[in-house]
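Enquirer: Protein chains in written order, with numbering that gives the first Met the number 0: chain A, 0 to 271; chain B, 0 to 336; chain C, 0 to 262.
Please keep in mind that the hints were generated in silico from the structure rather than gathered at the bench.
One or more of the hints may lead you astray.
In silico DMTMM-like pairs for lysine to aspartate or glutamate, Cα to Cα no more than 25 Å straight-line [as the list claims (entries may be wrong)]:
#1 C:K92 <-> B:E179
#2 B:K132 <-> B:E203
#3 C:K97 <-> B:E95
#4 C:K174 <-> A:E88
One letter stands for each residue in the lines below.
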Amino acid sequence: MNKIIKSYVPFMKAGIQSLIIYRMNFLGFVIGGLIYCFVMFYLWKGVFDSNGEGMFLGFSMTDMVIYLFLSNTTGQLTFSSVSNQIGEEIRDGSISMRLLKPVNTDLSYMFAELGEVLMKLVVLVLPIILGLEIYRFCITGTVMFNVVNLLLYLLSAVLAYIISFRVNLCFGFIAFYVKNLWGIGILKNSIIGFLSGSLIPLAFMPDGLRMCLEYMPFASMGYTPVMIYMGKYGTNEILFRLGLQVVWAILLYGLSKLIWFGAIKKLCVQGG
Amino acid sequence: MIYAEHLRKEFKKTIKDPGLKGSFKALFNPKKEIVVAAQDISFHVPEGEILGFIGPNGAGKSTVIKMLTGILTPTRGECRINGKIPQNDRKNYVKEIGAVFGQRTQLWWDLPLQETYLVLKEIYEVDDAKFKKRMSFLNEVLELEKFIKSPVRTLSLGQRMRADIAASMLHSPKVLFLDEPTIGLDVVVKDNIRQAIMKINKEEKTTVVLTTHDISDIELLCDRIVMIDKGRNVYDGSLHELRENFGQTRELVFETDTSANLTEEQFRNGLKLTGNDLVIEREKNNFKVRFNSTKMPVSEMLSYTLSLTKVKDISVKDADIEEIIRNLYRQGETSDE
Amino acid sequence: MRRIWKIYKLLAAQNLKRLMEYRADFLTGAVSFLIDQAIGIAFIFIIFSQIPQLAGFTFEQILFIYGFSQIPKGMDHLLTDNLWCVGYFIVRKGDFDKYLIRPINPLFHVIAETFQVDAIGELVVGIGLLIYATPNAGLHITVWTVLLSIVAVPFAALIYTSLKIMTSALAFWMKSSGFIIQMVYGMNEFSKYPTTIYSFPVRIFVTYIIPFAFTGYYLSLYILTGNDPWFNIGGVILISSILFVISVLIWNKGISAYESAGA
Chain A
0 MNKIIKSYVP FMKAGIQSLI IYRMNFLGFV IGGLIYCFVM FYLWKGVFDS NGEGMFLGFS
60 MTDMVIYLFL SNTTGQLTFS SVSNQIGEEI RDGSISMRLL KPVNTDLSYM FAELGEVLMK
120 LVVLVLPIIL GLEIYRFCIT GTVMFNVVNL LLYLLSAVLA YIISFRVNLC FGFIAFYVKN
180 LWGIGILKNS IIGFLSGSLI PLAFMPDGLR MCLEYMPFAS MGYTPVMIYM GKYGTNEILF
240 RLGLQVVWAI LLYGLSKLIW FGAIKKLCVQ GG
Chain B
0 MIYAEHLRKE FKKTIKDPGL KGSFKALFNP KKEIVVAAQD ISFHVPEGEI LGFIGPNGAG
60 KSTVIKMLTG ILTPTRGECR INGKIPQNDR KNYVKEIGAV FGQRTQLWWD LPLQETYLVL
120 KEIYEVDDAK FKKRMSFLNE VLELEKFIKS PVRTLSLGQR MRADIAASML HSPKVLFLDE
180 PTIGLDVVVK DNIRQAIMKI NKEEKTTVVL TTHDISDIEL LCDRIVMIDK GRNVYDGSLH
240 ELRENFGQTR ELVFETDTSA NLTEEQFRNG LKLTGNDLVI EREKNNFKVR FNSTKMPVSE
300 MLSYTLSLTK VKDISVKDAD IEEIIRNLYR QGETSDE
Chain C
0 MRRIWKIYKL LAAQNLKRLM EYRADFLTGA VSFLIDQAIG IAFIFIIFSQ IPQLAGFTFE
60 QILFIYGFSQ IPKGMDHLLT DNLWCVGYFI VRKGDFDKYL IRPINPLFHV IAETFQVDAI
120 GELVVGIGLL IYATPNAGLH ITVWTVLLSI VAVPFAALIY TSLKIMTSAL AFWMKSSGFI
180 IQMVYGMNEF SKYPTTIYSF PVRIFVTYII PFAFTGYYLS LYILTGNDPW FNIGGVILIS
240 SILFVISVLI WNKGISAYES AGA
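Using the sequences and the hints, build the whole thing.
Expert: Now the structure itself:
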């Protein structure tokens, strides 16, 4: 185990370093997300004002604010750019260089990204959670912070990242067939954004659709941890949701492996 | 035609200490360093000349070429080509020049080669009659017919280079800048491209500035060379002069008899030559001795060697141009220390 | 001018030829943007399933504003998409060299080189929403409102273009400015809804600093109410012109700071 970690730590460090080198990019990414949250914040405020009841389908405005910012930052935390990277590597052929290295290919991608994920956790997610708790305190006058929920959130977020990573891995292999990765990327992000509830809470959707979406892997990629943090689930439901995440992680692991082996064969046929 | 006066170009560069710690430092407190790519470079090229612009890697050749073509703005100094300052009047200036950067292409990657020429025809406002004449000339010189209908991405490196040179010549520029036009090509293609450059230069009196690492390019093409190193002029003159001034180096090659156990030390001891005046390479019984013939006449060197040991075979020859240039580069290195 | 038009046509034609070679890509691009749009609209549907009005606007009116805001966005997207590449990699990789050794304006050359058909997603949805919403949105239709609104659209698109020119030009100093373009461009989200839902500082920001409010809300407000043509339409024209001049100045300054790549 120790040895495994040792051989992947360099990938992780490199990931953090490249993130810092492109610090402006990172900042832009974060600020871009926050701007989006603010637009949505005002939009919902407008909605709540028009509604006049202070509640919207079981969400108070405070709930909504927490949902908005937390689901957006969780989305950024679990975001994986591995599909773009694989796509690029397939296109310029440098994927063969990666295959030559004596490490597990998926894991080398994952560790390179883990550095980024850790950075985001420290400089983005935790401060946002702190800010949200202060906000909630100012509005309601009571401290509603719950350590157990935070820990469960982190656990669920890790699972969410693993699922997101696998989904993106599968998407990356589309590069074997299509050249317009940019378009595919937009498509992927908006589909995930919609189906994972980061745009609109799944709770707001019509019942049939909501049930459907809650069982799909996309909800496991962001909606589940956020709902857990907000205390919207009871103990049994938390256990069930976490279990569902684990199941999806395993299924998608299998799927990505399957595609991967198929892809390697294709790579050989193409001659790399 | 081309005047470059005291050109200097500085770049700003963020430096970072190695490792994760260094990255964090750079995040919060980025350190900027000024890198001088060209210190002070001056030269001039008369009309119709082919100038070889040479120097070791990182000497600043590309930076100077990019200043001359108007891509980079000099930090200090000025260049004037055909009476124009590239940065001040770019649009009119670039009509009179053509440029090829060997490492990248200006052709439309996904489209048949022909399409690129049609677009360039409009961009450079070449009229139909002239375009036709021009294409047949370029066809003849660079032999484009075979692949003119193929998409650019399917061309071989040599074909692509020929296509790129043709693209830069389409509007009959007065000056042609070629940055490593023969890089990565095989001998036959190299020769082909050299012939083309020569022909263009002869028939159209095109002034050519060419950078290269291939000494044969210089020997076959260039009337004159300007050599730079570490952003400064090192040499400016004809190839002939270069040989005269620096070409006193001779090369003595001999093979000793197996019984003679001559060492480098022994050989060196009897001679009063030091530093660059005497360079010895030895592989088993084969000796290669480069020496300065003004300090020690060839005859003396020969008799010294013959008196010292039994030789199987011995010969003396002039050092080639590559050798001279290597020596010049080496001088730059030692004077730096 | 005629020469510029001729070159533009030629470059656009090259682009279409290239697209024909990669038909599948063209389809994925267009479909992607269509779906992206569909999700945005689904969002409005869900909101209005619960409330009758948002900030005093009806469902149709909000759809109208949303749809109108997509048209300038789509126009800019169609015509100037290559600016993204300048910010992301053309400058960083040194590929900008090519534009500087051609006898046409580099800004024009960069823009003319790409004709982004993906933008059809935005244009189709925008126009579709206008057609759908118009009968019930209670528009103030006169010759003037219609005419002026149409005239203002290219200027609204110019706001997008100018902001993209400015932010992509930062790459000349910073090597890569992709995420800054992304950040500023992302603020166009503000243009989709009435600015009255925002708090005062935000309203000032999206009206005068990053003036995306002019590309959607104010534009639609004029044809919705017929009020304030000087601000709603005049503002678009004035602000876009000022922004464009500033952006070209920054761009030109950037070119002389361009460092190319390699030695």
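Enquirer: It remains to establish, for every hint, whether it holds in the given structure.
Expert: Verification of the hints:
1. C:K92 <-> B:E179: holds (18 Å)
2. B:K132 <-> B:E203: holds (14 Å)
3. C:K97 <-> B:E95: Judged against 25 Å, a Cα distance of about 15 Å means the pair holds.
4. C:K174 <-> A:E88: Distance ~22 Å between C:K174 and A:E88 Cα, so the pair holds.
Hint compliance for this structure: every hint is met.
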